[in-house]
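Using the sequences provided together with the hints, build the complete structure.
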Amino acid sequence: MLLKNNLIRQSIPLQKQFGVALLIILISLFSRTIEAQELFPHNEPASNVPKGVFGIRAFYKTYPEVDLMRKMYALRVMYGLLPRLTVMGTISVTNHHGKDLPPDLVTHTHSGNQTTFFTNNIQRGIKYPYQFSGVYLYAKYRFLTFDRKNKHFRMALYADWSNVGVAHDEAEPNLMDDTKGYGGGIIATYLKNHFAVSFTGGFIKPKYYEGYSPDIGGQKVPTKIEYGRAVIYNLSFGYLIYPKKYTDYNQTNINLYVEFIGKSFEAAKVTQYGFINVPIQTPLLEKGNYIELHPSAQAIFDSNFRVDISVGLPLIKRSFARFYPVYYIGIQRYLFPNAKKMRNRSKMKMQKYNE
Amino acid sequence: MIKNRLHIKTIITIALVIMSIQKGLAQFITAEIGVDGLTCSQCSRSVEMSLLKLVFVKDVQMDLESTIGKIIFKADAKISFKKIAKAINDAGFSVRYLKAAYSFKNSYDTSNFIPLNAFGLFCFVNTKNKELNGEVLLTFLGKEFMPKQQYNKWKIEIKKTCGEINKENYYVYTQ
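As you go down the protein sequences, you meet chains A and B in turn. One point on numbering: in my numbering, the residue at position 199 of the first sequence is 199, and numbering is uninterrupted. Throughout, my numbering is defined as the position within the second sequence, counted from one, plus 1000.
Calculated from the structure, these hints are not laboratory results. Every residue gets a Cβ at the ideal spot worked out from N, C-alpha and C, and that includes glycine. Worth double-checking, as some hints may not be accurate.
Derived, one-sided and incomplete: chain B residues facing chain A with beta-carbon distance under 7 Å [stated by the list, open to error]:
| hint | residue |
| --- | --- |
| 1 | Ser1041 |
| 2 | Gln1042 |
| 3 | Arg1045 |
| 4 | Met1049 |
| 5 | Leu1064 |
| 6 | Gly1092 |
| 7 | Ser1094 |
| 8 | Thr1127 |
| 9 | Glu1144 |
In structure tokens:
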């Protein structure tokens, strides 16, 4: 337990310093009106996928856990159902969880009439096989559009749902990666002179997990975990560093982003033998909150093929559902229904002409 | 006799050429559209792809720096300017302005609704009793062709000149 807690809390001050330094650099950059983009790797902007256009994103997340790497491979399909409505479906495969909950997840001691529940067998660095996690669905509706030349302010509502029901043993809910349930929220994106900032505020209402946790004797004990409800608060900034001036669609665009991902969640409730055990004396199952920092670099080739690379670090407190740093690589492209017509045309250049 | 025939043939050919030129000119050939809300080349590409879906569009040239697109129409095509505006909205953006040049071969009295090579009739706002001849630049008025506040200012003017607003028609002004 001590070792685990030390492991969890290591190097936070250093990363916090790094985060603050990065924030200062960003603010100073933005104050000079650096060009920015809203194609954030982690957060969705209030803008949509064009109507009738499909998008495909393949992404990979990994982080070191003790002496092995936890990995997630995911595939996302997005579609512009209406000009203001985008829908997405994501499937993923991970080695994050075992078939069952960790053995001896909850135990107890008696002292007179008092029973104290606690977890004394937190498992880290255990090798698990890859499992199909499930399906995650997301829909976003842009309800406010204020467009002007080279700027916009837009707001959208989103709803998401997941049937990912893996043996997740932390209080924090994660709809795409770990828990079943649904969520929703609001997105506000502002863009001016190529400067982009976006805020996402939302909630997660996770569904419980029912499975087994083997006891000391190896007997499978029916166990139910009700994860904590959560509030999320994310803030994203981005700017374009290349090109300085657009000349044609073949130019490779390089964007830099900094995203703050925050979450606050309730404690989990674990039920075994009809007892609802609250609170469980471990930070993993207790209520918590954190803000992570995700600096990213993005390259867009031919104005369509997108490559995102990012590193996630804890800025304020931390998530107990993962270790740091979290590395992310994503590739994405849109499939335009009339791409053939486009290809048949001679190599087109964006031409400036007089009004 | 042969000379005369040749002469007549030449006259007929010239007349036909002139007529075809006139026919060619009396239509919308290009339009210019200002697009609001976009800054990235991926967004500009989406706008272009959306416009290229339209059957009457031959080519589109987007200038991302000024967010202005030049639309080239297919010859003798019937144009729907409302579909152009819809294509911009479908791509996720808004129309700042839409202008199109039309070469009038005859002179027109703008006190009437005029049919041009587009779906719907054209009513000229602020140009009453003015004669249209030669190449004229038409700026489209409508909630789909300009920011909302700007349209609200024009609304009274449109009603004053053209009567009740009919969705099927186009309201334009000339500079």
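Results of checking the hints against the structure:
1. Ser1041: This hint holds: Ser1041 (chain B) lies near chain A, its Cβ roughly 4 Å from the closest one there, short of 7 Å.
2. Gln1042: Hint on Gln1042 (chain B): holds, closest Cβ of chain A at ~5 Å, below 7 Å.
3. Arg1045: At 4 Å from the nearest chain A Cβ, Arg1045 (chain B) passes the 7 Å test, so the hint holds.
4. Met1049: Nearest chain A Cβ about 4 Å off; hint holds.
5. Leu1064: 4 Å, holds
6. Gly1092: 5 Å, holds
7. Ser1094: 4 Å, holds
8. Thr1127: 20 Å, violated
9. Glu1144: 12 Å, violated
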